[in-house]
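Student: Here's the letter readout for the chains.
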Amino acid sequence: MIETKGLIKTIGDKMILRGINLSIKKGESVAILGPNGAGKSTILKIIAGLIKATSGEVFIDGKSLKKDSYEIKQKIGFLAHNSFLYDHLTPLENLKFFGKLYGVKDVEAKAKQLVDEVGLSFFLHDPVRSFSRGMLQRIAIARAIIHDPEILLFDEPHTGLDQQAIKLLNEVILKMKANGSTVIIVTHDFQQAVQTCERVIIFRNGKLVEDINNVSNNLELVTAKYAEQVAIV
Amino acid sequence: MNNLFKAAFIIAGKDLYSEWKTKQVVTTMLIFSGLVIVTFSFAFDPSNNAVRAIIPGLIWVITIFASLLGLNRSFLSETKNDNLYGMIVSPTDPSSIYLGKVMANFIFVLIVQLISIPVLFILFNFRFLGHLPLFICVVLIGTFGFISVGTFLAGLSANSRSSEMLLPIILFPIVSPIIIAAVQATRILLVDVEQIASAISWMQLMGAYNVIFFVLCFILFEYVLEV
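In the order they appear, the protein sequences are chains Y and S.
What the first sequence shows, in the numbering used here, is residues 1 to 233, in sequence order.
What the second sequence shows, in the numbering used here, is residues 1001 to 1227, in sequence order.
The hints are simulated quantities; they were obtained by calculation from the structure and are not laboratory data.
Small disclaimer: the values here were computed from a predicted structure and weren't measured.
Beta carbons are placed, not taken as given, at the ideal position from N, Cα and C, and that holds for glycine.
Do not take every clue at face value.
These stretches of chain Y come out as covered by chain S in the derived footprint (C-beta under 8 Å, 3 or more residues) [claimed, not checked]:
no. : region
1   : 44-53
2   : 69-78
3   : 84-91
4   : 155-167
Assemble the whole structure, with the sequences as input and the hints as a guide.
Tutor: What follows is the structure, encoded as structure tokens:
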């Protein structure tokens, strides 16, 4: 279970998050929607432990991210805009490095299995610098799930992907969901949001303005609620 | 504690392996060192006894400026695909990242010193008659002090737009005590061995500096990584 209590983030004079209270149950899949600058990526980065909140706290399974960050980070898989991959290393070397940081057992076999699952086993020993955006994103997905995380955080994962890569990504999300993982996706793609998530949260100006449950494949409802909230300026 | 060192070794191993593959950092550092040695060997007459006095300074000029090339690359290489964020979101203590980077940078500089110092002695026709174990000790302690502070400040300046310019500006005032001590101790051990007690005093100063600054950097690195 993920719980945020009064999360506030300010950068300089600008208030990015204005007291976010959020509760996400274990195994739930949630899409966070909102216009640019609404604070969607910021809250994801705070939950992932990448940035610190100015005030407020994040609790995961009842434990504070501040106090038990080592234990909590072990449970989180984070896929950001950038791949976090080293250009000069091969997919296998990249995955082995990150796998070792997460303490994955038999990391080489696991890395090979994941590269195979994302359909790039033919490129196992090529440096990732020669990869297209879609190929990089596939390896980045493998990196995010190498330690079988209980919580998956995806920041605009569908951006720049071809249809095949989108299908693969959605398959990964649904598979992780079926395994009981909690999934949070920040996205602008409503179609993908309703295909992969049952709950949608809408952010505007650093505030949570709408929380809709049971939206699976209900694109009309999400579009209408979004228009209703984001049109109000 | 085990996890802290384990992660540091993994990060250092990654940096060393990356260098083994790309050969960018050490090669650049070696080219720079070679250039300094050759230029000075032409500028000064190696047969002149007075020239021996510049050798301790030259050792540290090579170490400092070659290290700067490596230190600058150390964190800039982690910014291309936000690679550093990948480490921050993993269950890795920020101190492990610092420790791993210090280890890798230290090894890079030691490799450069291992090659450039003998070449310097050969080109300057310098016969080593000093105290070899203490000389090695001074080189190791001095280099470690410089690298531990340099790695911390390289991390601090990496997010700046002109980090390559910023690093030397903020680094030199802070490392000046250890550089002065290292040059003095090296001079005594190479050309003035009778004053060995004085060299030991300089080494004690370097030791104290290393302990204080390494512990400070180790603790404060968490704040350097704050995005």
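Student: Please go over all the hints and tell whether each is borne out by the structure.
Tutor: Structure-based check of all given hints:
Given as covered by chain S, the region 44-53 of chain Y passes the check, having 6 residues with a CB less than 8 Å from a CB of that chain where 3 are the minimum. A stretch counts as covered by a chain when three or more of its residues have a beta carbon under 8 Å from one of that chain; for the region 69-78 of chain Y and chain S the count is 7, and the coverage holds. With a cut-off of 8 Å between beta carbons, the region 84-91 of chain Y has 6 residues touching chain S; three or more are needed, and the interface restraint holds. Residues of the region 155-167 of chain Y lying with their CB closer than 8 Å to a CB of chain S number 0, which falls below the three-residue condition for coverage.
Consistency note: the structure conflicts with earlier hint 4 alone.
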